[in-house]
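> Next come the chains, spelled out residue by residue.
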Amino acid sequence: MALTDLSMLELAAKLAAGALSSVEATRACLARAAQVDGKVKAFLRLDEKGALAAAEASDARRKAGNPASPLDGVPIGLKDIFLTEGVETTCASRILQGFIPPYDATVVSLLKQAGLPIMGKLNMDEFAMGSSTESSAYGPTHNPWALDRTPGGSSGGSAAAVAAREVFGALGTDTGGSIRQPAALTNLVGLKPTYGRVSRYGVIAFASSLDQVGPMARTVADTAALLQLIARHDPLDSTSAPVEAPDYREDLEGGVRGLKLGVPREYFIDGMDPEVEATVREALRDYERMGATLVEVSLPHTKYALATYYLLAPAEASSNLARYDGVRYGLRAKDAKGLREMYGQTRERGFGAEVKRRIMLGTYALSAGYYDAYYLRAQKVRTLIRQDFSRAFEQVDAILSPTSPVPAFKLGEKADDLLAMYLMDVFTLPCNLAGIPGLSLPCGFTKSNLPIGLQILGKPFDEARMLRIARAFEREHDFTRRLAPV
Amino acid sequence: MPLSDFQPVIGLEVHAQQLTKSKIFCGCSTEFGAEPNRNTCPVCLGMPGVLPVLNQRVVEFAIRTGLALGCTIKKTSVWSRKNYFYPDLPKGYQITQYDQPICEWGSLTIDTPEGEKTIRIRRIHMEEDAGKSVHDASVGESLVDLNRAGVPLLEIVSEPDLRSADEAVEYLKALRDVLVYLGVNDGNMEEGSFRCDANVSVMRKGETKYGQRVELKNINSFRFIKQAIEYEIARHVEVIESGGKIDQETRLWDTQRGETRSMRSKEEAHDYRYFPEPDLPPLHIPDALIDQVAQGLPELPRPKLQRFMSQYGLPAYDAKLLCAERPLAEFFEACAQHSKDYKKLSNWFQGELARLLNESGGTVGISTLKFTPAQLGELLTAVEKGTISNNAAKDVLGEMFRTGKAPDAIIAEKGLAQVSDTGAVEAVVDEVLAKNAGEVEKYRAGKKQIFGFFVGQVMKAMKGKGNPTLVNELLKKKLGD
Ligand SMILES: [Zn+2]
Chain A
1 MALTDLSMLE LAAKLAAGAL SSVEATRACL ARAAQVDGKV KAFLRLDEKG
51 ALAAAEASDA RRKAGNPASP LDGVPIGLKD IFLTEGVETT CASRILQGFI
101 PPYDATVVSL LKQAGLPIMG KLNMDEFAMG SSTESSAYGP THNPWALDRT
151 PGGSSGGSAA AVAAREVFGA LGTDTGGSIR QPAALTNLVG LKPTYGRVSR
201 YGVIAFASSL DQVGPMARTV ADTAALLQLI ARHDPLDSTS APVEAPDYRE
251 DLEGGVRGLK LGVPREYFID GMDPEVEATV REALRDYERM GATLVEVSLP
301 HTKYALATYY LLAPAEASSN LARYDGVRYG LRAKDAKGLR EMYGQTRERG
351 FGAEVKRRIM LGTYALSAGY YDAYYLRAQK VRTLIRQDFS RAFEQVDAIL
401 SPTSPVPAFK LGEKADDLLA MYLMDVFTLP CNLAGIPGLS LPCGFTKSNL
451 PIGLQILGKP FDEARMLRIA RAFEREHDFT RRLAPV
Chain B
1 MPLSDFQPVI GLEVHAQQLT KSKIFCGCST EFGAEPNRNT CPVCLGMPGV
51 LPVLNQRVVE FAIRTGLALG CTIKKTSVWS RKNYFYPDLP KGYQITQYDQ
101 PICEWGSLTI DTPEGEKTIR IRRIHMEEDA GKSVHDASVG ESLVDLNRAG
151 VPLLEIVSEP DLRSADEAVE YLKALRDVLV YLGVNDGNME EGSFRCDANV
201 SVMRKGETKY GQRVELKNIN SFRFIKQAIE YEIARHVEVI ESGGKIDQET
251 RLWDTQRGET RSMRSKEEAH DYRYFPEPDL PPLHIPDALI DQVAQGLPEL
301 PRPKLQRFMS QYGLPAYDAK LLCAERPLAE FFEACAQHSK DYKKLSNWFQ
351 GELARLLNES GGTVGISTLK FTPAQLGELL TAVEKGTISN NAAKDVLGEM
401 FRTGKAPDAI IAEKGLAQVS DTGAVEAVVD EVLAKNAGEV EKYRAGKKQI
451 FGFFVGQVMK AMKGKGNPTL VNELLKKKLG D
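Residue numbers (the numbering used here), protein chains in the order written: chain A, 1 to 486; chain B, 1 to 481.
So here's chain A without its partners, still in its complex pose:
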């Protein structure tokens, strides 16, 4: 078994036992990246020096018997949406090319304090707008399970890097499924925590009321351990919840006996891939065998979620992206004459097509005369969707569904079919609208060996129970032990 095939906690155990050093692990990751990233293209930039320096510091702490956290010394990667002091951060956009942040995002500081070497910045859809990494200004990332296919998005670089064992784990962000869908498409565990569970400070905003940071890893326990490091109240984020995080690994092996698991009628739709449906239904039966009770629930407003999301997220994005104006940082159209032209040309050259499309959409939705019909109405529907979930959670402890209606599709396949692309998120985005946590768990493969994900939706701040439910399934199968062939 290669060093890079270890899980985060397995590596941590070896580091703790002195059997391996963090520098060795970091060098192994660098070697692995040198070997495969030419094909996978997960990294936008490697920070070899920074990672090795952090690894050396970690080894010194370990030697002194003074590790900073259980994961001290475990190399990880970051989606390029997190600000890293002194290390270029572009959000996969041309408009931020060359932007060197003056500060670390709160989650980045937390990981640094916990001693995790940061290997570099990972590809994504530009400003997290997309489900395939194809909207990245720097080219798409390839799925380590099938290089001609997408790893999903927007956190596709994070997913691919972990699946290809270039890093042991990664952080992504999830606005409408951007952690869970790529996790499903690359055989990872990906968790979008409750809105407010993890700080958004220093995370480049896409849609502020929906964005949430979360871990992506190869096992449930790794996911829990990584979440443990970042789940805390941050006074720099006014939407961060002052809620104490539990010990996410304490009850991980507790099983599902006696739990009621909801199966939403509206989440098994026409047009869903038959292999995905069959595999997910098989997983549901497994849960029954393990002692859980399946309960059919209804989330009647699900059909409005996509339309609601594509009004609210672009509306917030149109405002969040106004700051990229060429005045203070990032790209500036130098040859422009006058202010208007500078704005126009900077944004014309700096933003890709998908970003422009969403800015237009959002600007329109907020315009005088349209606000009530679009933005305000979408907000009302959002409330109804939230109520759907609260009602369902009166009957059940968690809700199970497919993560993505289809397995990884070919790069370029949906580039011309926007609606098909937007439909990729149809099972994941209601969770963001409701602000509840959602997790994707490997639950099988298609005949052509493409991963399939099971989505577990939980009550607000009930991440520990969701991880326990995921772990119960993981224990019974070998899916999370299977490695991508790259």
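Hints may contain errors.
[Claimed, not checked] DSSO-like, lysine-lysine: derived pairs with alpha carbons at most 30 Å apart:
| # | chain 1 | residue 1 | chain 2 | residue 2 |
| --- | --- | --- | --- | --- |
| 1 | A | Lys334 | B | Lys82 |
| 2 | A | Lys356 | B | Lys266 |
| 3 | A | Lys356 | B | Lys82 |
[To be verified] What follows is a set of in silico ranges between Cβ atoms, one per label pair, in the way DEER data are often shown:
| # | chain 1 | residue 1 | chain 2 | residue 2 | range |
| --- | --- | --- | --- | --- | --- |
| 4 | A | Ala64 | B | Arg38 | 40 to 48 Å |
| 5 | B | Asn37 | A | Gly338 | 19 to 27 Å |
| 6 | B | Leu143 | A | Lys356 | 24 to 32 Å |
| 7 | A | Glu288 | B | His270 | 54 to 62 Å |
| 8 | A | Pro235 | B | Gln337 | 44 to 52 Å |
| 9 | B | His270 | A | Ala13 | 53 to 61 Å |
| 10 | A | Pro235 | B | His270 | 30 to 38 Å |
| 11 | B | Thr109 | A | Pro235 | 36 to 44 Å |
| 12 | A | Arg386 | B | Lys75 | 18 to 26 Å |
| 13 | A | Gly338 | B | Ala354 | 51 to 59 Å |
| 14 | B | Ser310 | A | Gly369 | 52 to 60 Å |
FYI, nobody ran anything at the bench for these hints, they're computed from the structure.
Heads up, the beta-carbon is just placed ideally off N, CA and C, and yes, glycines get one too.
Given the coordinates of chain A, assemble chain B with the ligand onto it according to the supplied hints.
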């Protein structure tokens, strides 16, 4: 039809910078006059990934202002984003309050030639200020200073209850006094910490439907406010009289030419695409906070003025001057503890004390005086008792002002005490009369106008220290009147 057949209708929007030490959504200093872009951080520079954290002091100041103006303090108010592009607006939007402001429906009473008038205040809300753009034509560049970006503002919006430029100015002065009294704003129009936009329209007298209004932007002195509104009223009347129509637009006051000119028309008006700020939860205000702020509320200028008239028996003119600034009023009240002739005390405030403060060129203020109220009281008592003359007292006050020495010490040091001892004065009077026997004879023969000559001689002999009342009295007696 002349101007007098039209009724102007005016509403004002005031932007007042709050006197907090730090900005509204970050910890940067609000200090004025720092090197450009010194008082900035990632948050107020609008860096990617930053989030606002509300300064609680800003909320307290808004509540304080709302309570002072009799507003309802809303239990829940909402932050919104006002979206527009400008280089000195770092995020591309301003965080403000839109459809749910923190305070609603208050009022402010002003004085008009027709008597008191109550102007309704529609709303008060909190927002962040933008930075400053400097256009340097010589290098063909525009420079941006973001020191002011994120400084907390209060926007105070009146109903269109004002009926003349004079009323508008009166309202602004009264409002400024209140804000300065509250310690919420420094009232400085030149530095832009108290700014005003005016909505002006006219209608024919007797009508009830307001005419088309025009917005006048960012006028930075009381004089310009008056001029701009008067100019605009005359312009409206002229346009209407000549059969024209007033367009809805925003106009700027050109101080050079003394006229308003169009800045943007209705068609060019921004669509600010307001929506609730997702980075800040709605603001909930507990009753306890309102109570706490209410308890710390000072007496306001108008009630204080009325109390000064009734409690100290002062004329309105005196009371108004004394209440113009809170520290002055407070110092007066402290002095009134030690000197019961309030009118005389007020005269000293308006006369000598005002002169000394003026002459100090702003280096000394009422709160940095070197002497105490008790010492000023001692000085006035000395005058009253005849220990020193009124003129000498002025010198003593000057010395107290400069050195902070006690009045009796100065009187002794400078030998300013008057001679009020009858025997001593009588001896000098006798001597003067003996020396000027000729004049005494003329006086007794009826040349009464030379009485002053004897007074002068006595005072001269006494080096000005004779108690004038006593000198007069003794001279008259000796001269046989
Ligand atoms: Zn700042």
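> Taking the hints in turn, state whether each one holds.
Consistency of the hints with the structure:
Simply put, lysine 334/A and lysine 82/B have alpha-carbon atoms about 28 Å apart, close enough for the 30 Å limit, and the pair holds. Distance check on the hinted pair: lysine 356/A and lysine 266/B sit about 28 Å apart at the alpha-carbon level, within 30 Å; holds. With a CA separation close to 20 Å, the supplied pair lysine 356/A and lysine 82/B stays within the 30 Å bound. As the Cβ distance of alanine 64/A to arginine 38/B is approximately 41 Å, the hint placing it in 40 to 48 Å holds.
Checked against the hint of 19 to 27 Å, the C-beta distance between asparagine 37/B and glycine 338/A comes to roughly 23 Å, which is consistent with it. Leucine 143/B and lysine 356/A have their C-beta atoms about 30 Å apart, which keeps the hinted 24 to 32 Å range intact. Taking 54 to 62 Å as the suggested C-beta distance range, the pair glutamate 288/A and histidine 270/B conforms, at roughly 59 Å. A hinted range of 44 to 52 Å holds for the C-beta pair proline 235/A and glutamine 337/B, which are about 47 Å apart.
For histidine 270/B paired with alanine 13/A, a C-beta distance near 60 Å keeps the hint of 53 to 61 Å intact. Separated by about 34 Å at the C-beta atoms, proline 235/A and histidine 270/B satisfy the suggested range of 30 to 38 Å. Hint check: threonine 109/B to proline 235/A, Cβ distance near 42 Å, so the stated range 36 to 44 Å holds. In this structure the hint that arginine 386/A and lysine 75/B lie 18 to 26 Å apart at CB holds, the actual value being about 23 Å.
As the Cβ distance of glycine 338/A to alanine 354/B is approximately 53 Å, the hint placing it in 51 to 59 Å holds. In this structure, serine 310/B and glycine 369/A meet the distance hint of 52 to 60 Å, their C-beta atoms being roughly 56 Å apart.
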